[in-house]
Each structure stands twice: as structure tokens, then as C-alpha cells.
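**Student:** As they're listed, the protein sequences go chains R and L. The first sequence finishes on residue 260 if you use the numbering used here, and the numbering steps up by one all the way, no holes. The second sequence finishes on residue 1260 if you use the numbering used here, and the numbering steps up by one all the way, no holes.
In case anyone wonders, no lab produced these hints; they're calculated from the structure. Please read these numbers as outputs of a predicted model, since none were measured by experiment. Any given hint might turn out to be false.
Taking lysine to any residue and the SDA-like style, the derived pairs with C-alpha atoms no more than 25 Å apart in a straight line are [as the list claims (entries may be wrong)]:
no. : chain 1 : residue 1 : chain 2 : residue 2
1   : R       : Lys15     : L       : Lys1144
2   : L       : Lys1038   : L       : Gly1062
3   : L       : Lys1234   : R       : Val14
4   : L       : Lys1015   : R       : Asn254
5   : L       : Lys1017   : R       : Glu142
6   : R       : Lys213    : R       : Asn247
7   : L       : Lys1122   : L       : Arg1012
8   : R       : Lys3      : R       : Glu78
9   : R       : Lys136    : L       : Lys1122
2 protein chains.
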Amino acid sequence: MSKNYLSLPITRVVKNKVSQENDNVVQEVPITIFLNDKEFVTLLCSPQYLKELAVGFLCSEGILLDPSDLYHLSVNEEEGIINVRAAAGQAEKQFMKRYITSCCGRGRSSFYFINDARSMSKVNNSIRITPQQIWKLTTKLEEKSALFRQTGGVHNAALCTPDEVILFFEDIGRHNAVDKINGYCFLNNIELQDKIMVFSGRISSEILIKVAKMKIPIIVSRSAPTVLAVNMAKELGITVVGFARGNRLNIYTNPQRIAV
Amino acid sequence: MSKNYLSLPITRVVKNKVSQENDNVVQEVPITIFLNDKEFVTLLCSPQYLKELAVGFLCSEGILLDPSDLYHLSVNEEEGIINVRAAAGQAEKQFMKRYITSCCGRGRSSFYFINDARSMSKVNNSIRITPQQIWKLTTKLEEKSALFRQTGGVHNAALCTPDEVILFFEDIGRHNAVDKINGYCFLNNIELQDKIMVFSGRISSEILIKVAKMKIPIIVSRSAPTVLAVNMAKELGITVVGFARGNRLNIYTNPQRIAV
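Isolated chain R, as found in the complex (with noise of 0.2 Å):
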């Protein structure tokens, strides 16, 4: 596995000296996927868990839904391809039809795109956590990123109950992080219903879209979320709860998952 970052000569300036160091620099690798023997997309990452990173990705896209629809991946780390063999049909020609139309972004309402707005539907779990909880969990968090001390270059995202970590995804790339979540679980066969995204970067409507699609009912993010990502998140019946750091949250929306 290749390492997350490099250690490279740099000039260090602190007020008035000069000096030639080395310091560690995050790594960013293009990984294009291949599906059923077409390029299908590239992305920028982290080159760690680049199958669980693929798979989650595919996941969000709609392409996997079932464990029953991967027939293969394979990493080709060296040379940045994976290649995955999967039941796709309509999906991949959405995907397709989608990015030429709306890449990088999204369309224009609320719901902007028909294909999202198809495969989301209301979460309903009733879990609940406590603020308390919460702290301890971003506590942990932060115990956990070492990569960013060392480079502060990467966002992370973690999967938890309302008292553990249970997964941990660093990637210089906020979409990835989650989508790393997402294709472990998928391979692992983890329940993500009754689980908590804590999440180090800010909750953008393309974040709460992942969430959505991963049915997960509470993200918890020590940044803000945006007015779209909010108005989502209410329809969605997603609770939102950014700037959780030290003894400090706001609830955005559906508050009575946290028992305050």
C-alpha cells in the first residue's frame, strides 16, 4: 500500500530564519475506473483503499446495489486503474447521461437530479445520542488523524455508534472519505441504518446526498453545512449537526435524535 504522503525539501521561513528542511506533503493520485471494459470515471484520492473507494463510489452512483451485482475488481495500484466487472445496464447509462449534463455539480431545485431524487426516500430510524456522545466521538476523531497533523492536508470520515468508532477513512478528497465508508461497508455487509457519519469537512449537498443514499440518519461534521444541504436534509428526515467541537454543536435539522 502506498504511503499517504512523502517527505519533501521544502525552504521553512519563520520571521526572520531561513531554513531548507524536509517536510511531509499528502499524496494525491489520479485513480480512473473502468467498468465492464469502458472508462468510467477519474478521481483524485488518497492512495489507500482505492477497492473500497471504487466500490463505494459505484455504490453512490447507483451502479451496485446488491453485493450480487460485483463480479470482480481488480487494483491495479502502480499504474492508478481499477477495473470492475458489474451488473450495471441502466444505471451506468444515467451515470453517463448525468455527468455529461451536470458534472461537477448538480441541477437546479432541491431535487435536482431525477436520479438521485429516485433512489432517496425518507429515513425513519429513531436512533438517538446525546451531545455528550457526540463530543466523545469527535474527541476521538481527532485522536485518530494523525495524517493530518502530519501533512494537514486530508479530511476524515468515520462510521459510528452512539459510543464507538467503528470505521475511519482519511482522503484528501471530502467525496472519497465517505465513499471509502460506503464501499466497506458494502463489501463487509455492515448496517449502516442505525449508524452516525462523523465527518471533518463541511456538509455540502453533494455529502448529504452520499449520506442519504447510504440511509444513514445522523452526520455530525465539526464544519457548517449549507442552506441547500439543510433544506435536503429536512426533507430527507436527516439530523444535522455541524461546528461539534469541545463542548460546543448546533442541531440544523430533526433535532429529536439528539436527546438533549
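The hints should help you fit chain L onto chain R, whose structure is shown.
**Tutor:** Below, chain L alone, put in the same frame as chain R:
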């Protein structure tokens, strides 16, 4: 012009204290660009300077090369639609091709996209700046970041001379803030080759490519670069300065432009 944020009702928890308050939450809007009557791309962005965003994005993608290429542009803010008439032709087809094969990411080697490699050349400008001048600029940027302080949700990018901030844009998308600078300069004939880009976000390969296409010789960030961006900057002759905060900074490439 739409506001960059909305006041939304939230539940705030601080230790054991629970209160119902209003909080400023950052806006995120989907904007679809139609190029010569064809749906071209949808961007998620802050709802300001949409004209500059569209023009900057089209510059960055090689669609607009010269002011005479732009025939007409109209913004329908309410519907989130921008109509552009421009001399496109070959570049338009290349964009579609690139985005079909590599949406939301890029290829596999340092110069992963043929289109990008073709449109970039080495930056030779010999502009110099001192660390003290850099720290003055980053301090000014922080003072200007009122929206960030209100919502915690945006990135900013500034175009500077060694002594002054001459342009400043904020956006929920890192790429958009840079595209808005590019668009403004294209529309107002502002020279870029003797300027410095000061940026709040991580310097990824995609940001570096945008800066390289603008021929800006120095990019400064309060955050970290990636290894891929550092490697590209070396090849392209661009100076990368990271972690520029307070009285510290790291020079990753082409240190000859930093007068220490």
C-alpha cells in the same frame, strides 16, 4: 444580488445549556451554464458574481481564449441559468470528451490530460516578493473574510501585487473562487502574469492547473499543497508557498521568487 447566507433556526448546545437560536448558514446554489444553446455544465457555488464564475470556468476549460470569443452572456439568477454565446468549436468538443472520461477528477500521470498539457507552458515571470509582504497579504485576506467568520463555510481567493490585494472573491467551492478571479480579469483586461494568487484552501492539482493556465507565477495558501501539485508546479515554473500564517511559511517550489 442574492445574499451569501441565510439565517436559519437552530438548536445550540453548549455544555448542558440548550437554546433555540438563529444562525447564519452559507448558501449553496446550482448554476447551469448553457453554451450556444446546449446544456454544458452545472456548478455548485455561492450565488454572487455568477457572470465572473461562468467566464472564468470557460476560460479555465479553454473555451474562451480571447475577449472577442465571447459574443453574449446573460444570467438568470432566479432560475440558476447562465446563457453564453461564444466561439467554441474544438475546445467545446474536447471539454465534453474530457468530462465523459474523467469527470470530477483527472488522468493518471503528472500531465494527465492532453488538453491541459497542450494549453499550459512554463511560467517565466521573475516577480519577487518577501515573506513579510506575504504575511501582510495573508493578514489582509483574513480581515476581508467576513463571510467565513459569519458562517464558517467558504473559501477565498485573492489576486495581489506584492503590496496590495486587488481582487477578492469568496465561494463555497475552492475552484469557484479561483474561477471568479479568472473571469473578472478576462472581462476587465487585468494582467495576471505579474500577480500573486493568495488562497485559503488546499493547493490540489486542479487548483494548480487553473493557476498555471492563468500564468500566475506565485500561489500562496494558508493550507497545504499535495505532492501532485508540487510536482506540476516544479515542471511549470510556479512558486508554491504553503502554511503562510502569522510569521511562518513553507516554500515548496521555485524559491527564487521569494526574497529571503
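**Student:** If a hint holds in the structure, say so; if it doesn't, say that too.
**Tutor:** Hints and how they fare:
{"no.": "1", "hint": "R:Lys15 <-> L:Lys1144", "result": "holds (23 Å)"}
{"no.": "2", "hint": "L:Lys1038 <-> L:Gly1062", "result": "holds (17 Å)"}
{"no.": "3", "hint": "L:Lys1234 <-> R:Val14", "result": "holds (23 Å)"}
{"no.": "4", "hint": "L:Lys1015 <-> R:Asn254", "result": "holds (20 Å)"}
{"no.": "5", "hint": "L:Lys1017 <-> R:Glu142", "result": "holds (24 Å)"}
{"no.": "6", "hint": "R:Lys213 <-> R:Asn247", "result": "violated (30 Å)"}
{"no.": "7", "hint": "L:Lys1122 <-> L:Arg1012", "result": "violated (51 Å)"}
{"no.": "8", "hint": "R:Lys3 <-> R:Glu78", "result": "holds (13 Å)"}
{"no.": "9", "hint": "R:Lys136 <-> L:Lys1122", "result": "violated (49 Å)"}
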